[in-house]
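Engineer: Based on the sequences and whatever the hints tell you, model everything.
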Amino acid sequence: MKASHFVWSEEAQEAFRVIKQKLTSAPLLVLPDFEQPFELHCDASKLGIGAVLSQQTLPVAYFSEKLAGARSRYNTYVIEFYAVVKVSSRHASWIAYLQQFTFSIRHKAGKLNRVADVLSRRHTLLTTMHVNVPGFASFSELYESDPFFSRILTDVNSGTRDDFTLKDGFLFYGVRLCVPDCSLRLRVIEELHVEGHVGRDRTLQLVSASYYWPTLRRDVERFVERCRACQLAKGQASNAGLYLPLPIPTQPLTDLSMDFILGLPRTQRGNDSIFVVVDRFSKMAHFIPCKRTTDAVKVAQLFFQEIYRLHGLPTSIVSDRDKRFLSHFWRSLWKMLHTSLDMSTAYHPQTDGQTEVTNRALGNMLRCLVGENIRSWESRLCQAEFAHNHATNRSSGFSPFEVVYSLLPRGPLDLTTVPDCKRMHGRVVEFVDSLRDTHELSLLYCLCLILLAYVLNLEISLFWTNLKAT
1 MKASHFVWSE EAQEAFRVIK QKLTSAPLLV LPDFEQPFEL HCDASKLGIG AVLSQQTLPV
61 AYFSEKLAGA RSRYNTYVIE FYAVVKVSSR HASWIAYLQQ FTFSIRHKAG KLNRVADVLS
121 RRHTLLTTMH VNVPGFASFS ELYESDPFFS RILTDVNSGT RDDFTLKDGF LFYGVRLCVP
181 DCSLRLRVIE ELHVEGHVGR DRTLQLVSAS YYWPTLRRDV ERFVERCRAC QLAKGQASNA
241 GLYLPLPIPT QPLTDLSMDF ILGLPRTQRG NDSIFVVVDR FSKMAHFIPC KRTTDAVKVA
301 QLFFQEIYRL HGLPTSIVSD RDKRFLSHFW RSLWKMLHTS LDMSTAYHPQ TDGQTEVTNR
361 ALGNMLRCLV GENIRSWESR LCQAEFAHNH ATNRSSGFSP FEVVYSLLPR GPLDLTTVPD
421 CKRMHGRVVE FVDSLRDTHE LSLLYCLCLI LLAYVLNLEI SLFWTNLKAT
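Residue numbering for the sequence shown follows full-length UniProt numbering, starting at 1 and increasing by one per position.
Treat the hints as calculated values from the structure; they're not laboratory data.
Treat the hints with care, since some could be wrong.
To be verified - Keeping only pairs whose Cα atoms sit at most 25 angstroms apart, straight-line, the calculated DSS-like set for lysine-lysine is:
| # | residue 1 | residue 2 |
| --- | --- | --- |
| 1 | K291 | K335 |
| 2 | K66 | K46 |
| 3 | K335 | K298 |
What the hints assert, rightly or not - Pairwise CB distance ranges (calculated):
| # | residue 1 | residue 2 | range |
| --- | --- | --- | --- |
| 4 | K298 | C382 | 19 to 27 angstroms |
| 5 | Q251 | G174 | 25 to 33 angstroms |
| 6 | R17 | D162 | 50 to 58 angstroms |
| 7 | P409 | W330 | 25 to 33 angstroms |
| 8 | T57 | D414 | 43 to 51 angstroms |
| 9 | R375 | K298 | 18 to 26 angstroms |
| 10 | T267 | A137 | 39 to 47 angstroms |
| 11 | A229 | G312 | 36 to 44 angstroms |
| 12 | T160 | R17 | 53 to 61 angstroms |
| 13 | E190 | S396 | 25 to 33 angstroms |
| 14 | Q301 | G263 | 18 to 26 angstroms |
Glycine included, every Cβ here is placed at the ideal spot set by N, Cα and C.
Structural biologist: Here it is, written out as structure tokens:
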């Protein structure tokens with residue numbers, strides 16, 4: 001290797017081949033030979049201890065143990081057993097055990113003791129958790145005994161029907177999963193309804209968007225009518241009068257409306273109000289807990305932390321507060337942005353009907369979710385926000401998530417082992433594919449850098465070895 005350019009030599013090619021072999025093959029344990037000396041490489045951290053027993057640089061056994069209880073409070077010297085130099089009463093039994101063997105303790109740098117170092121820290125490695133919902137795997141067996149889907153399954157297998165498809169043993173009507181006659185029908189309805197205790201129509205839209213069976217509408221209506229939480233918490237309310245129509249927005253997250261729900265029970269964090277922000281185009285809502293005494297400066301801080309970081313600045317905000325509050329709010333928000341741009345505001349007192357409807361829907365959802373524990377409304381606010389943005393809006397025909405993100409986020413029922421046959425928007429598919437390609441290129445680039453670092457390190461080591469030999 002020279003200063004001006006890099007030369008790929010035979011030694012570098014051999015090192016690269018060795019690296020590929022090491023990365024693609026796991027080391028095999030060898031049988032111990034009791035006539036040969038053993039080497040025990042140990043390492044310790046605050047999380048655990050690790051060791052590898054080897055003979056002639058070949059591993060015989062691995063050991064790793066997590067430190068818990070009193071052992072996790074040992075200092076570094078005790079963990080590394082430096083008490084060999086200065087013995088304490090705590091280690092007397094350890095010394096008595098070690099005196100049975102003939103050995104010598106030698107220090108080994110951490111970068112040279114890689115195997116034991118990894119074993120001592122294996123509890124800090126990344127863990128991937130996969131969750132799935134059981135019960136759906138039995139559908140392929142229940143189709144044959146179902147009085148409605150058994151005939152359809154026969155026609156699909158014979159090729160006489162094309163409106164139903166069979167994939168991995170599951171029957172689909174378009175992109176909707178066919179659910180045979182079993183208890184999972186009510187479980188599906190319950191899971192999607194209890195998410196936010198939305199009404200009959202929204203629950204029907206949530207269920208029918210992904211599942212199908214012949215009596216779906218009737219089952220949903222019966223379940224919602226018999227929901228005890230909905231019957232106790234929800235009432236009949238009507239609008240007090242006509243609202244002033246507002247200009248129609250042209251794109252999401254540019255025209256917002258904000259309002260406050262006051263007079264709630266005080267929580268442990270001292271919050272007794274909700275700051276409601278609604279996007280007038282997509283109907284997406286954000287529910288932010290606050291206090292009744294929150295002033296314009298604090299409202300601007302909440303808007304900056306919860307809205308601006310996700311969606312940026314809007315072009316207009318509709319509110320029923322006075323002009324002094326809105327002017328102070330804008331000045332505080334502008335100050336947080338550290339911008340030198342000048343801005344002016346115009347005060348137009350308007351009433352937005354959709355914000356009032358959102359407030360009423362939020363009240364119904366919170367009463368259903370909290371039950372008798374009314375002071376727990378703050379902990380349920382995130383669930384209510386997800387349920388509101390996940391449900392289909394009656395005016396647009398889409399959920400706020402679909403309008404803003406062009407797809408629906410996953411819920412508990414989406415973690416099943418059933419193949420996902422839902423179609424996404426073409427532009428979304430292209431965008432996701434481009435992101436996947438970017439991640440794959442980044443991963444390949446990082447791997448090349450790691451391999452190059454190994455090659456350069458080995459090349460430098462060979463250089464110094466030859467230099468010392470001469």
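Engineer: Give a verdict on every hint.
Structural biologist: Evaluated hints:
Between K291 and K335 the alpha-carbon distance is near 22 angstroms, which keeps this suggested pair within the 25 angstroms criterion. For the hint linking K66 to K46, the alpha-carbon distance of about 9 angstroms falls within 25 angstroms, and the restraint holds. Between K335 and K298, the direct Cα distance comes to roughly 13 angstroms. Compliance with the 25 angstroms bound is thereby established for this hinted pair. Distance hint check: the CB atoms of K298 and C382 are about 20 angstroms apart, consistent with the given range 19 to 27 angstroms.
Checking the proposed 25 to 33 angstroms range against Q251 and G174 shows it holds: the Cβ atoms sit about 30 angstroms from each other. Between R17 and D162 the beta carbons are some 54 angstroms apart, a value that agrees with the proposed interval 50 to 58 angstroms. Separated by about 32 angstroms at the C-beta atoms, P409 and W330 satisfy the suggested range of 25 to 33 angstroms. One distance hint, 43 to 51 angstroms for the beta-carbon pair T57 and D414, holds here, with the actual separation near 50 angstroms.
As the Cβ distance of R375 to K298 is approximately 22 angstroms, the hint placing it in 18 to 26 angstroms holds. Between T267 and A137 the CB atoms are about 42 angstroms apart, so this pair conforms to the stated range of 39 to 47 angstroms. The hinted window of 36 to 44 angstroms between A229 and G312 holds, with their beta carbons roughly 37 angstroms apart. A hinted range of 53 to 61 angstroms for the beta carbons of T160 and R17 is consistent with their spacing of about 58 angstroms.
E190 and S396 have their C-beta atoms about 26 angstroms apart, which keeps the hinted 25 to 33 angstroms range intact. Between Q301 and G263 the beta carbons are some 22 angstroms apart, a value that agrees with the proposed interval 18 to 26 angstroms.
Of the numbered hints listed earlier, not one is contradicted by the structure.
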